[in-house]
Amino acid sequence: MIQLLGFILIPTIGIIAIILSKILHRPLSEEKTTLAVALATNFIFFSGLILGFQSFSVTIVNSIDFSFNFQLNALSLPFMLLSVVLPALALLPAKKEITVNKGLFYTLYLLIYMSLISVFMSNNLIAFFIFWEIILISFFFIIAYWGEENRKRASMKFLIFTQFGSFLLLGAFIIMFIYTGSFTLTTIQSGVESIPFAVAQVAFVFVLVAAIIKMPLFPLHVWLPDAHVGAPTVGSILLAGVLLKMGGYALLLFGTLLFQNVVRAFQPWLMWLGIFTAIYIVLVASAQTDFKRIVAYSSVLYMSLAFIGAVSLTTIGTYGAVFIMVSHGFIAGMLFTIAGIMKEKTKTREINTLGGLNVKMPFFGMFLMLAIVATLGVPGLSNFIGEMLSVLGGYAVYPLVLIVLLSILIATGYYLNAAKRILFGNLNKLFVSLTDISYIERFQLSIFSFFIITLGILPAIIFNMMGNI
Amino acid sequence: MLYIILLPMLLSFILIPLIGNKRFRSDAIALMASGITFAIALAFLFYYLNHNLYENFTWFSLGGLSFDIALLGGNLNLIMALLVSFISMMVLLFSVFYMKNEPQERYYAEMSLFIFSMMGLVISGSLLLLYIFWELVGVSSYLLIGFYYRRESASAAGKKALIMTRIGDIAFLSAIIILFTSLHSFSIPYLLNSYSMINPTLLATSVVLLIIAALSKSAQFPFYTWLPDAMEGPTPVSALLHSATMVAAGAFILVLLSPILYATNLSLVIVIISIITSFIAALLALKSIDFKRILAYSTIESLSFMFLAVGVFNTGGAVFYLITHAVFKSLLFLIAGTLLILLSTQNIYWLKRKNLSSSWLYFPTLIGLFSLLGIPPFMGFFAHLSLGYTFNIAYDIIFAAMSFLTALFSFRLFFTVFHSSGERLLKPIFSFLPIVILSIISVMGGILLFYLNSYLSIPYSITLPEIVDLASVALGGYISFILFYKDEHKTGIRVFLASSEKIFKISYNDMLNAFGNAILYAGKLANKFDFALSSFYNDLSDVSFKASAFSRRFQDGDVETYISAILIGVLILIFLGAIFI
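Line order of the protein sequences matches chains A and B.
Using the working numbering, the letters of the first sequence map in sequence onto residues 1 to 469.
Using the working numbering, the letters of the second sequence map in sequence onto residues 1001 to 1581.
Some clues are possibly wrong.
As the list claims (entries may be wrong) - Computed spacing ranges between beta-carbons, pair by pair:
| id | chain 1 | residue 1 | chain 2 | residue 2 | range |
| --- | --- | --- | --- | --- | --- |
| 1 | B | Phe1024 | A | Thr353 | 39 to 49 Å |
| 2 | A | Ser438 | B | Trp1350 | 45 to 55 Å |
| 3 | B | Ser1196 | A | Ala265 | 33 to 43 Å |
Because the hints were derived from the structure by calculation, they are not lab data.
Note that the Cβ used here is the ideal one computed from N, Cα and C, for glycine as well.
Make the full structure from the sequences, and use the hints.
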């Protein structure tokens, strides 16, 4: 058995080591420390998948039911998989990009790493909220200090939007506490019936708006593209890979699984919110010429598919929602990594100025093609399962959901166009001296590909990680 | 056990990137794999005909529903598997000749993936698996069509092919979702037995969606434009994808799912679309001057014959025509490919100057075209016998007109390319061998009809309309002889060609482009709106910045202000705590 507390302890040791080395002026490579932490965390996570995990609980304040209670719920493990693996994979772009203030960066990075994992295993809502806030604040600093263009404005936008969502979430938690007398998730789940319908509606709307901001959905998605373009590659990988999934996780755990009656009452509206967001966002994405923006907008498409699956309240839809979030975590991570490599090599991400890169960089082309094909939901790769299950779940309760598949068609159009502009055609003279990606980059992208292909062929891995819903 | 058929090509796809070009030649691996596939398919046909094998595997199950992938070994599936593996083998053989100067690993790996997907498609026993392979066929064809990626037109053609067929994929997925929600099973045999349990409206909707899927994959009206462009790919790719396999998949699923098709009275739609398509294709073939493009239009026309047969409740005829078409069309494509490599042109008027009548390709071309035209005793004649079995008088007349047009463009091709004699072409073994084998089958293959009719229930008869057809072919051939062999500068035909171009090519492409532009325009509008939305929030934040500038006054560095603020805060906290705790 693996003690869940380990996921807190290992990053904490890393943080202490980095801080001590700064204070004592002992040379210690921050990158190597962080890598060691990441590897250790991965090791205990995958051992835990085989051996099982042991819960941990320590009460801090009894009167308001504040404890650090780490216990896996039905949704924990798939999201933990993302939050354990992706930050480790994002270290490679981080090593290249982060050249100033490394000590602070890796401290924040490990803080995020620890909190990400903890968010998904916290059974106590106060603890959940604390970790949630640590992530947002630390991420704000990452964009603000190490970001690219317009980072100040992007980081402020990110902070204001997501903080607003956090407070709504806190409001929902307080409502739950008032009526069930507990901040413990398992207690709330069993006592949720005692919340009157009118209050439950309010609580659900709080959670919903928080999720609309965090996932994000129309009309509160505008912070996302700016944050992505502003963030360094490592930030984008974390943002699309895990941070957005926190919104989906909160929606499932505190929204649809808790307030099923309320969801049923609003179901057609919620479905249309998902459908509209999907169609709207692919139209917006089709007008973009910056590859990173294309990927950023497209993340909203997959989150809205997850939203449709989640609000369908069917078993298939719920599993589909979780699956598409996990799958999109890896695919978006891969696409953002590639966008970062592209920027590093060619100094641009404008698809109209690129061209013919496949001539010089066949491995780069292969991985980009794989990621694009995966993101378009081609069977055998992971997104297909998620898309199919989410739409299947949505169709079972609201047949018009099938319209949402049109968005995938439009996405096919602009992604293939991007692939053609970047990879195919004649090589632009500016790029004659390009070299293919390095072995370590190939290794990193292969790990992404490994997860994408494995989950696409053996989706039961994720389903078995989840409990009964 | 049926999965054994799929293993060799899958292994080849995995092995070529790993060991290809290092220890083994990629072409050898792919060729060997396809040979083994063919042998296995033959063995299955030999041992399991009429056994209706059905093997079910559960992929995963959720909420009491199982997502099954099943393999089906009915007569249709096994015969299709044999056909696909045979044509693949021939094409790979030809590729050794054609692709010898191209990147081997990439070509053979993509080819293996394609053949694997196509083999999987024809033996799928569950809609889920069928869809999986259907999509994989689409993606691998995208890669193959865009093989010469440095050429702008080739990568554009690949993109176009995938987007066009993806319309059908989306329709297919929707149909599967509807059927699965109604039946709680993906199994095809179960679907064919119990479709009566499905709500008729839902059944009709899903059939319409399936028809759209088939039309887009088979390049029928209104989706046909991707196929001629796809000729940008290497010729062996065209020979495989656009004769026997990918485009035939559309007709194949309609035949496979014909019981639900016939339960919904939608077959007339298919008939009308196929007639429209065949006329457009024949006219476009008549004006084209590119050998491969003429074959592409001819393929669209032949596919529309299959759809026509399905539409008139003659699935057996459709299948036999599919088999026949696979043989003669891949033969003709291989001839075009050989000419392209040896003489480096596929323009028929340039080929005319090469004096090809005395070359060894003269008779294979003639055989292929005679088979296309249904002239006895070639294989196509027997296909026409079964194709026209259930035609009524109206269809007979239409079909005779079609035969006339087909003869016109076929003989135009023939008389132009083989105009005069003189040149003696090389006989590269890897091109000669498949062409000869396919020619022999095109000549003798007709007897297969009498062998297959008991397994696939292919009806056939020699009737008066068949003789009328032959007469119209002869007429077409004669007119073609006068127009194109004796003198191609007749003004009448010029006017005719020009008008056909105006009617069908330009306006229709404009329409499609307009549709694409409309989506792009909608995207631009949405983007503008999104920008406005974003700046709206920016304005909001400016207001809050101003507010913060106001509140900043309280943060004046005066310790007393801070202490009083802290006190007020603590008081509020205590007050809140008293309420909640």
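Hint check:
1. B:Phe1024 to A:Thr353: 39 to 49 Å: holds (41 Å)
2. A:Ser438 to B:Trp1350: 45 to 55 Å: holds (47 Å)
3. B:Ser1196 to A:Ala265: 33 to 43 Å: holds (36 Å)
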